[in-house]
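K.L.:
Sequence:
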Amino acid sequence: MGRVFFNTRKNVHELAGTYQILASDSGKVFMLNGASGFTATLPTIEAGLFYKFIATDTTADITIASGQAGSIDLVGKDSEADLGPSTAGTAVANILMEAAAHEGTYINLYCDGTGWYAESMGSADASLTTT
14 MGRVFFNTRK NVHELAGTYQ ILASDSGKVF MLNGASGFTA TLPTIEAGLF
64 YKFIATDTTA DITIASGQAG SIDLVGKDSE ADLGPSTAGT AVANILMEAA
114 AHEGTYINLY CDGTGWYAES MGSADASLTT T
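Position 71, counted from 1, in the sequence shown is what my numbering calls 84; the numbers after and before it change by one each time, with no gaps.
Check each hint, because a few of them may be wrong.
Okay, derived cross-link-like pairs now, DSSO-like style, lysine-lysine, Cα gap no bigger than 30 Å in a straight line [claimed, not checked]: (1) Lys65 to Lys23; (2) Lys65 to Lys41; (3) Lys41 to Lys23.
No lab work stands behind these hints, which were simulated from the structure alone.
My request is simple: use the sequences and hints to build the entire structure.
P.N.:
Shown next, in the form of structure tokens:
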């Protein structure tokens with residue numbers, strides 16, 4: 014008998030304004046409508062948390078802030094190398110999805126219980142930067 018998969022749809026949530034991301038949001042795909050620019054703040058560090066952020070409108074800058082969660086360690090790079098290449102230990106407080114980004118630019122964030130690890134892809138120069 015073959016394997017049966019249930020509930021294979023992704024949990025998609027549109028963000029168009031400031032949002033405090035919750036641990037219970039783990040696994041969500043956030044579609045970022047940056048028409049007015051805003052900040053999404055990560056929750057406290059907890060092993061197993063995962064979030065995906067995809068730009069749908071990049072009219073203004075969108076900030077993904079580590080907030081009270083500590084810093085974000087960057088691993089890998091985006092296609093324009095604005096975020097890397099880097100290694101674990103390159104800690105930043107914020108990742109900015111710049112207005113220069115194109116629709117479809119994305120960031121995946123993973124937590125191992127001690128920090129955040131980001132992988133990303135941006136197709137325009139300066140689409141992703143850090144502070």
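K.L.:
Could you grab the alpha-carbon distance between Lys41 and Lys23 and see if it respects the 30 Å cut-off?
P.N.:
holds (7 Å)
K.L.:
Hinted pair, alpha-carbon criterion (30 Å max): Lys65, Lys41. Please report holds or violated.
P.N.:
OK: Lys65 and Lys41 at ~7 Å, within 30 Å.
K.L.:
Would the pair Lys65 and Lys23 pass a check requiring their Cα atoms to be no farther apart than 30 Å?
P.N.:
holds (11 Å)
The structure fails none of the hints (numbered hints given earlier).
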